[in-house]
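Participant: Let the sequences and hints guide you as you build the complete structure.
There are 2 protein chains.
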Amino acid sequence: MRYLNEESIEKIALGAAVLGTGGGGDPYIGKLMAKEAIRKYGPVRLISLEELENDQLVVPVSGMGAPTVTIEKIPAENEVTAPLEALEKVLGRKVDVVMPIEIGGINSLYPIIAAAKKELPILDADSMGRAFPEAQMVTFHLDGFEPSPVTMADEKGNTVVIYPKDGVWSERLARALTIEMGGSASVCDYSLFGSDIKTTVIPYTLTLAEKIGEYLLDNKGKEHLGIQKMLEELKGYRLFEGKIADIERHLSGGFTRGSARFEGIRNDQGREFTLFFQNEHLVAKEGEQLLCSTPDLIAVLDAETGFPITTERMKYGARVLVVAFPCHEKWRTLKGIETAGPRYFGYDFDYRSVEELQKEGERCID
Amino acid sequence: MRYLNEESIEKIALGAAVLGTGGGGDPYIGKLMAKEAIRKYGPVRLISLEELENDQLVVPVSGMGAPTVTIEKIPAENEVTAPLEALEKVLGRKVDVVMPIEIGGINSLYPIIAAAKKELPILDADSMGRAFPEAQMVTFHLDGFEPSPVTMADEKGNTVVIYPKDGVWSERLARALTIEMGGSASVCDYSLFGSDIKTTVIPYTLTLAEKIGEYLLDNKGKEHLGIQKMLEELKGYRLFEGKIADIERHLSGGFTRGSARFEGIRNDQGREFTLFFQNEHLVAKEGEQLLCSTPDLIAVLDAETGFPITTERMKYGARVLVVAFPCHEKWRTLKGIETAGPRYFGYDFDYRSVEELQKEGERCID
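So the sequence lines, in the order shown, correspond to chains A and B.
Per this note's numbering, the first sequence runs over residues 415 to 780.
Per this note's numbering, the second sequence runs over residues 415 to 780.
Derived by calculation from the structure, the hints in this document are not laboratory data.
Quick caveat: nothing in here was measured; it's all calculated off a predicted structure.
A couple of the hints might just be wrong.
Which copy? The list can't say, so a pair holds if one copy fits it or any two copies do.
Below are the SDA-like pairs computed for lysine to any residue, each with C-alpha atoms no more than 20 Å apart in a straight line [what the hints assert, rightly or not]: (1) K503 / K532; (2) K636 / A717; (3) K579 / G596; (4) K625 / I723; (5) K657 / R675; (6) K570 / F559.
Facilitator: In C-alpha cells, the structure reads:
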C-alpha cells in the first residue's frame, strides 16, 4: 500500500494519456479534478492485487461519452460518486475498493476522485491495459463476467440502474442514455468481489502509467531519452514522424470518429501516413500498408516535448512522433480479437501483432 | 367490483381506439393479448376509486414506443409483467393494484394482461382520459407527482430502473432506451399509494371505454345511431366527413409523425381538411381554419362501420368521419395546456376549446 499524492496524479495523467492511445477523455480535466479532490480529502491509498481481500467488493468507476463533450463540460464531483452511491443502494452494502475500468485518459483519474471523496482505496489495476471506446471491451467481458447491475448518473440529477442481458447490451443502453444525458455520464459496471477480480484484471497499470509519466517529466529537455525509456518499458516501436496535413473528426453515435493524414518529416520525409480513430486510435497505415492496428496501442506524441496528444487536440500542422505498443495478451486471444480487433470496428483485414508488422517493415523502427 | 371478461375486452378495445385519438398503439394486438391472458388466468377484477384502500400501492403499466413498431413486434406476456416485477424488487414490496396510464389504444389493455397474469385487480381510471404521445403528459405530472422510480423491460431480457430528475427527463431517458431496445418497451412509472391516486387520476375511464365500445358494437348496421350515442356520451362534435387524399407518415425520435389531407364528401363535398399527428391526432384544420386541437380529442372513424381507425391504419382513399371531444378539465389548466397544448407540439397558436371553435363554425356540426 502506498499513497497517491498530487505529484503522482501529475505523472499518472501524463502516462495515462500515452496508454489512452489518443482517447479515454482528456486527462487534463481529470488531473485538475483529481488534484482538487486530493487537496480537499487527502491522499488516496493505492493497493495492489496481493493486498486485496477475497470478500472485498471492488467497483470500477468511469466516465462514458465522447471526449469532445468532456472537454467542454467538466463533470462535477457529485456526478463521479453518484453511480457508486446508487450501486451501494442497489446492492444493500458498502463498496470496499474502487478501480479504473481503463488506464487511458480521464478514466484512470475518475476513480481517484471517487476514492478521495468516499475515503476508499483504489486498486492498482484496470480491465483494458489501455483505453477502448466501448463498454464491453474489458477483460471482465473476455473472462465471462456480467456487467450487471450497471449504475449511471448525470450532472442534472438523473440516476439509472441497468440490468443488461450482456456486455454488448450494457454498452448499447448505457450509450443511448449517455447521449440523451448530454453526451457524458458517470458509470459503475462489472462490480466484483476480490476473489474474482484477481483472476481477470490487468495488474499494476496505475503504477505503469505513473512510471511512464515520470520518464517523460524527468527528461524534459532530453525528450528522446524519456521516449526511449518509455519504449523500452512498454516494448514499443516508433512508427513514424510526421506533420498533420489533414484531420477529419465528427461526433456520431456518441463517439468522436475520424482520421488524420500525415506528411512524413525528418527520417520519414516524402512518405505519407494515416491514422483512423473512434475515440481511440485504431489503425495506422503508410499508404495501403498496415503499420499497427487495434487491440495494439497507437500513441501520438508531440515531436518537440514527447508529450502525448489526444485525438481531440490533434491540429493541422502539428509535428508528431507516432509510436505503438503491444497490447496485453488477453486481447490477443480469439475472444479478445473478436471483441476489439480490426474487424469489430469495420476494417476488412485480420489482426496481426505490431511485433510481426514491425519485423516486416523494419525501416519503421528507429 | 366487477369482473372483466373477454366480452368486456372486446368493447374496451373498441372504445379505447376512439379515446386513443388515433394513437396509443393498435388495440387489436392488445385485445388479442388481453383475451389470451384472461383465457389462461381467468377474469380480471375491476375496482373503482371508492373501493381503493389508501395504503394500497397502485402501479400504472404501459407500453412505450411508436405504434408502427408494435404492429410488427407483438410484445410477449413476460415483457408486460417484467417492469412490474422489477418495481417490486426495487421497492421491496408487492404491488396491490395495476392501472392504465392512458385509456387510448393498446395501453388500456396492457395492464389487463399484467393484472391477469399477476392476479391483481385493475383500477377503473387512467391518468390522461385519452392517449398522449409523451410520458409526462399525465395528470400525475400536472398534480406535481414524481415518476420515479421508473422501471422498463424489453423482450430481449434487459431491465432498467430510472430515477429521473422529473417527468420530462423520465420521458427523455425512457424514450432513448425504448429506441435502443428496438422501438418498444414495457414501463411502470408514477407508482403511488391509494390516498394519492384518489386525488389525481381520471375515474371510470375503463368503464367509459367499454360503454363507447358497446354503443358501436350494439348498433352494427345502424352506425349513425351508435356514433350519435357516443357523441352524446362524450359531448362531442362531428368535424367533417372526407376521403383520405394524401397521407404522409414517418418514424422519428421514437414517434410516428405525419399528416393526412382529406377531400370532403357528402355534406362536406368541395372542402379540404388536414389532420396532423404525433402518434395521436393533434390538430384538425379546414384550410387555415382551426377546427380542434390538442389537448381536446380528435378521432377518425370509418364512415361505413363507425369503427375508429388509428393513424397507422389510415390509407389513401379511405372514407372517414372525423369527430372531436372535449378533454378532461385538468388539461385545460395552465399547466395542462403548457404540457400538452398546441405550442408544446410546435404549433404557433393558442389553445381554444373545441366547444368554442365549434360554436364559431357551426356549419361543422351535423
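Participant: Any hints from earlier that this structure breaks? Give me their numbers in increasing order, please.
Facilitator: When the structure is compared with the hints, none of them turns out to be violated.
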